[in-house]
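From first to last, the protein sequence lines stand for chains W and G.
Residue numbers 0 to 487, in numbering that gives the first Met the number 0, belong to the letters of the first sequence in order.
Residue numbers 0 to 341, in numbering that gives the first Met the number 0, belong to the letters of the second sequence in order.
Just so you know, these hints were derived from the structure itself, not from any lab.
Don't be surprised by glycine CBs; every beta carbon is placed ideally from N, CA and C.
A hint or two may mislead.
Footprint (simulated), chain G over chain W, 3 or more residues, beta carbon under 8 Å [to be verified]:
no.	segment
1	28-40
2	179-187
3	265-275
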Amino acid sequence: MTRLQRIVRRRSERGLRYVEARIGAAPAIKWMLRYVFPDHWSFLLGEIALYAFIVLVGTGIFLTLYYIPGDHQVVYHGPYALLRDQQMSEAYRSVLDITFNVPAGLLMRQVHHWAADVFIAAIVLHLMRIFFTGAYRKPRDLNYYIGLTMLMLAILEGFAGYSLVDDLLSGMGLAIANGVALAIPGIGGQLGSTVWGGQFPGTSSFLPRLEVIHVFLIPLTLMALIGIHLAMIMRQHHSQFPGRGRRERNVVGTPMWPAYALRSIGLLLAVAAVLFLVGGLIQINPIWQWGPYHPYLSENGAQPDWYIGWLIGALRLMPNFEPVIGRTTVIPNPFWGGALFPLVVFGVMYAWPALERRFTGDQRRHDLLDRPRDHPTRTAIGSAFLSWVVIVFAVGSTDRIFVRLHISYQSQIYFWRFGIWILPIAVFFIARSGARALKRSEAHPLRGWQGEIVRRGPDGRPEVLSETAGEPAEDIEPPVGTFDGQGG
Amino acid sequence: MARGDGSRAGRLAGWLVAARAAWSGLRHRREVLAQEPPPAPEPPPDPDPTERIVPANPRYETLVAVLLLLGAALAVAFVVIYIVLQTNTQLLGLAMGGALAMLAAAAIVAGKFVVPQETSVEQRDDLLREPEEKEVVEMVEAGGEGISRRGLLVGASGVAGAAMVGAAAAPLASLGPPAGVLHQTPWKSGVRLVNDQNQVYAAGEIQIGAFYTALPEGQDWESFGAGLMVIRLPSSMIHLPASRQSWAPQGIMAFSKICPHAGCAISLYRYPTYQPTSAGPAFTCPCHYSTFTPGDGGQVIFGPAGRPLPQLPLMIDAEGNLRAAGQFDEDLGPSWWSVRRT
Numbered sequence: 000m001t002r003l004q005r006i007v008r009r010r011s012e013r014g015l016r017y018v019e020a021r022i023g024a025a026p027a028i029k030w031m032l033r034y035v036f037p038d039h040w041s042f043l044l045g046e047i048a049l050y051a052f053i054v055l056v057g058t059g060i061f062l063t064l065y066y067i068p069g070d071h072q073v074v075y076h077g078p079y080a081l082l083r084d085q086q087m088s089e090a091y092r093s094v095l096d097i098t099f100n101v102p103a104g105l106l107m108r109q110v111h112h113w114a115a116d117v118f119i120a121a122i123v124l125h126l127m128r129i130f131f132t133g134a135y136r137k138p139r140d141l142n143y144y145i146g147l148t149m150l151m152l153a154i155l156e157g158f159a160g161y162s163l164v165d166d167l168l169s170g171m172g173l174a175i176a177n178g179v180a181l182a183i184p185g186i187g188g189q190l191g192s193t194v195w196g197g198q199f200p201g202t203s204s205f206l207p208r209l210e211v212i213h214v215f216l217i218p219l220t221l222m223a224l225i226g227i228h229l230a231m232i233m234r235q236h237h238s239q240f241p242g243r244g245r246r247e248r249n250v251v252g253t254p255m256w257p258a259y260a261l262r263s264i265g266l267l268l269a270v271a272a273v274l275f276l277v278g279g280l281i282q283i284n285p286i287w288q289w290g291p292y293h294p295y296l297s298e299n300g301a302q303p304d305w306y307i308g309w310l311i312g313a314l315r316l317m318p319n320f321e322p323v324i325g326r327t328t329v330i331p332n333p334f335w336g337g338a339l340f341p342l343v344v345f346g347v348m349y350a351w352p353a354l355e356r357r358f359t360g361d362q363r364r365h366d367l368l369d370r371p372r373d374h375p376t377r378t379a380i381g382s383a384f385l386s387w388v389v390i391v392f393a394v395g396s397t398d399r400i401f402v403r404l405h406i407s408y409q410s411q412i413y414f415w416r417f418g419i420w421i422l423p424i425a426v427f428f429i430a431r432s433g434a435r436a437l438k439r440s441e442a443h444p445l446r447g448w449q450g451e452i453v454r455r456g457p458d459g460r461p462e463v464l465s466e467t468a469g470e471p472a473e474d475i476e477p478p479v480g481t482f483d484g485q486g487g
Numbered sequence: 000m001a002r003g004d005g006s007r008a009g010r011l012a013g014w015l016v017a018a019r020a021a022w023s024g025l026r027h028r029r030e031v032l033a034q035e036p037p038p039a040p041e042p043p044p045d046p047d048p049t050e051r052i053v054p055a056n057p058r059y060e061t062l063v064a065v066l067l068l069l070g071a072a073l074a075v076a077f078v079v080i081y082i083v084l085q086t087n088t089q090l091l092g093l094a095m096g097g098a099l100a101m102l103a104a105a106a107i108v109a110g111k112f113v114v115p116q117e118t119s120v121e122q123r124d125d126l127l128r129e130p131e132e133k134e135v136v137e138m139v140e141a142g143g144e145g146i147s148r149r150g151l152l153v154g155a156s157g158v159a160g161a162a163m164v165g166a167a168a169a170p171l172a173s174l175g176p177p178a179g180v181l182h183q184t185p186w187k188s189g190v191r192l193v194n195d196q197n198q199v200y201a202a203g204e205i206q207i208g209a210f211y212t213a214l215p216e217g218q219d220w221e222s223f224g225a226g227l228m229v230i231r232l233p234s235s236m237i238h239l240p241a242s243r244q245s246w247a248p249q250g251i252m253a254f255s256k257i258c259p260h261a262g263c264a265i266s267l268y269r270y271p272t273y274q275p276t277s278a279g280p281a282f283t284c285p286c287h288y289s290t291f292t293p294g295d296g297g298q299v300i301f302g303p304a305g306r307p308l309p310q311l312p313l314m315i316d317a318e319g320n321l322r323a324a325g326q327f328d329e330d331l332g333p334s335w336w337s338v339r340r341t
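For reference, chain G alone in the conformation it holds in the complex (with noise of 0.2 Å):
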């Protein structure tokens, strides 16, 4: 802070009417812009626009002493907020963000009140110089002052270069297998479905009109293709294609989570709560809204999915569990140059 003779309070009373000062000044500001007038009649020929305003105004000069310190304030608390609080946010926040926000207040102030006020004119280059460019083609074609066989080392030049890139840019295809590896899925016959719990799925709990995730018992969860929905339908409900007749026992029907579209995870399904008006019984993926109906097998009813739901063939063992019976005959997951379709 300036030194001074006057007292505190008379200082605290200097720079509140220095910050009256600079609101005014803004007001005013603002109000000419406002104000505009239409322009003169008859401008000078050629106006020079430069001026230079010194403010001199020692009050704006203290008024950016005073912001300073604040933000200085700010940034010590916010050090003793760190230290005590921790992780209380909301205050590290005010106090990063208010001392922040004094500095910029200051050297706004500063840059607008306290410094000169210039308005200058540059003029700009002519950033296309013939006279130059010819030398530099001329420098440059000089450098081949002799010789004669130039079309053969360009070539060669060119082979060379072509060579060396492909062969920094070969190790890049160790990223990553061939692309046959989209072609896996971890369910294959005989595999029992369980829940997210490990507890393995009975067919006899399967309701009509839930909507269960099934995993492959003893495979990677993690793995793109493992989850599965499984629902029951009424066999009035279904009207599968000839070849996926035993797909559904009991009316129990399983198909791949990941929707063909774009690989969400499917997480809506919707079953008609009273069948002679409602809309029949449908999945529908949360990213883009593809909309498959179940009963005949999968189809694409709404949404931007290019092919149907797969569905996984299963069966009910002997102590009355879910299990695959067979592997999905198509690719799980978003559509590629060769995806296996059905």
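Chain W extracted, bound-state conformation (with noise of 0.2 Å):
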């Protein structure tokens, strides 16, 4: 042992003790240092989502001391020619500022812009996974809710995160949100009034309570429910797919320290790598192309960031709809598409637990996770549902297809009007029947190969040289609900 090594030791033994003769923690911190992860890299995908959200926070305080939530209209001087002297609100020329004067703000900008995509991709994906394994069952239901309202909370963030900028294509998305608040049935107009001091584009206290909202009310939430996401999971431990040892009362894996600590690190380098990297050298949101807002401007194909776009395709989706009675608008066509829709998707999301509860009568719990083709039914309910709203966020972009690909916008949208409700049903039996000759055949359709190894003799007839059908490993514990006569 070096001279320098002896010192770093004594030092953290010091600093330990410090700690524990006030807290007393080494319990807690044993305990911590042992925790198991069990490997899988489906496991990574909501580590990533936290990894984008520490970047996200970073990058967002940097945003934040530049950001002047302003309405009042100012000249441009700046050093971008192109919307020299023209008129803009005081939130937009800040970012134009951050993105042309202050050193290092583009980048920030950017990767700030590009961990906030990557952060809600990576929350659905990591949705995906816990669906398709049945993750959301007892004990872990209530940990899936929280996931999901977080997911709720991130689009909500993430809109009003680029809605601050007040260039024209923020402004617009803005002005649609309004148009969604007032088409709530009855409370709607109140609701878009108070929310935005009047009538859209509101008072100047709007955009300073979009900001609150931002860079406060929605992070500490956020923060808040992350915290709570993970002390729930070490409550409980990580579920486990099935393998060798791997039982329902244990979980199999790599402790925490240091093997698995120090790869969760080089994770959150790498996650942040990436965004910086992107955020460098891939354009994103070039603002200063879109200009300043005012009402009466527009501009044509545009394109909302992507987790919005399933909202965009379901109002552009939506027949024009819109029962009166009397003198009264019951329900205002925005109210379908871009409300009813998510409230539908979402509820059907929350209440899927209890619903799979009381249709299989498994009130059991659940620690090892089944694979997609251990419950085919599920696994078909998900597919179907999962493709209802993909195919609405692909309507979003028919627009684009008809200006690359000429095909006419108004055939697309009559014919998604009614595909929205058929391939599902498609998507349904082909995923269910998929996942049942999974399951017969024990196959997997990613890794190796299954299947006999033949050779033609002589006399012609065929001759098996081997066989590599695998059968599960007798030591294999089956999850708990994938019997046979129990499994969907």
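Both chains are given apart, each in its own frame, so use the hints to dock them into the complex.
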């Protein structure tokens, strides 16, 4: 042991002793260091979301120091010649200044924007993993609800963030948000005039309100929910896939210290590295090209960030149904696509664990995960539901398909008004029969080769040389609920 | 960097070998996964998955140190670029991203090839412990011992709580005025139509087939309903209802620019290029593609809009300029519960 190592060791022992004498944390620290993480790549999706959130907080603090939520009109005199002498809001000018005047400002803004897109994408993929492996079942249903809530908040947070810029694109997005708010039956008009402080685009207090929501209310709520999410995982321990020695009542994997901690820190740094590389090299949301927002202006071919695409698709797909009784517009049209559709999507997802318990009668605790094939019905329902949402999302870009491929926009919309109901049914049956076939054959669709090696003999008859079709190993405990007659 | 006796070139070669070893190690792992053999025929009854492997490989330690120092060098490069070039986003991103990538590689190599590789087993707790649960219920109930008017107290607490929540929420109402403000429009009879350079529109300059954005002279242009679309149609294309016959002097018509679906500004106008085969004139909103025909007063022919585009009556004053001849007789912008419709 070198002298340096001895000093480091003595120092850290003294530090631990200091903490120990005051809060007695050693048992907790010991427990933390030995905490076991089951290894599977799909378990990293949630971690990627967490690490993207950390990058968002870091870059967000930088941006907040320069952003001004002002709506009064100023004249731009900055270095970007194409906007010089134009009228714009103080908010938009401050973001142009971050972009062109603040050193590393554009880098931070682009990293922030990319990180938001990655954050929500990672949450959605994580949610899909949770659904298709049945990880939302008791005892993790409570944590699943928290995760869904975080997804909703993350979408709201992203929308609030790019709306703060007050460029033409974000102004149009806010106009639509205002239209959806007004469309809520009964209370919509009052809700809109309360939130915006009057008629759209609102009073000078609107942007400061939006900023408080974006930099304070939602991030703090997200942090609290992330804390609860992780604490609940640690209390229950991670779920795990069936495997050698893995049982419902144990958890097998890599302990936190040292290998897992190092790998996870590596993932944090890798997520940050990718975000800084794309943020530096790949342009995103070039707000100087959109120009300032004025209510009488709009641009053609506007597309929101990807996580709003499903809402714009639903708004576009909806026929112009707007029931009126007497002088009352009972359900203004944007309600269907902008409010009811996301409510139904999230409502179904919140209700799913209870629905599954009711239909299967399965009230047991589950700590081993299913493979998607283990529950063909669940996998089929999930795939059909996912395809329903994905079609609506894709309908949000039918105008781009028209521009690129010259397929009539109107024909596409008429087609999908029916296709949206037919295609998911087809997906249901395809996914269910696929899952059943996999369950029977025990083949892995992505890994290895399953089948027989056959040689044709001189007499023309085939001869089986070897067979690789595998049965599950004897020591693998099947997850609870996948025995014959109990699986979906 | 680790202190050693070897020459610089020797060390370089050393960690090149290490990188090569790391790569082949990774590849080997992948192959092992790819060729996972069918499970053993007779596994032991209760297999113990725990294992602990101590790699003790100085080459990987060197590799980690090199990666850490490369990361440090790129972090310094970031600071230099920040000071010298300031706004070179690409170089800043490369330096910072590169530094983070080097540190990430260092942490992952250390986590996989330097520190002990361990698989261990933890038992899960019973989450549901019924005796303790019962004790909790008993402890809570014991807190109400000797209280005879329990129902009254619970009821009164509920009333107080609800009243306090109401009182705390009441100030939210000051955030915005009553919904009546949604009826506002800056257009009233006599207001002149100007372009965004504040120049008055003369009736004579409105061409058939063109599309003009007009704003109310002397009013707030940032208000929602300020924008108008002005077009001129030949009389053969105008089929307005009887009550609107006077709204389009010389075939010039004005419509609100704000889409009555979700409130975007309408920016697309189509006019038939060859009348016998082309579709008729129409406005289209670029947000959700609601399409309106101006000739019959802004009726919806496609898309999600639930009501027609509001039309503003026009007149031509003595100087030949365009003026509003009245107010909109319906509300502008998206529909809501009490929206005024025609």
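Results of checking the hints against the structure:
1. 28-40: holds (count 3)
2. 179-187: holds (count 7)
3. 265-275: Our answer is that it holds, as 10 residues pass the Cβ test (under 8 Å) against chain G, meeting three.
In the structure shown, no violation is registered for any of the earlier numbered hints.
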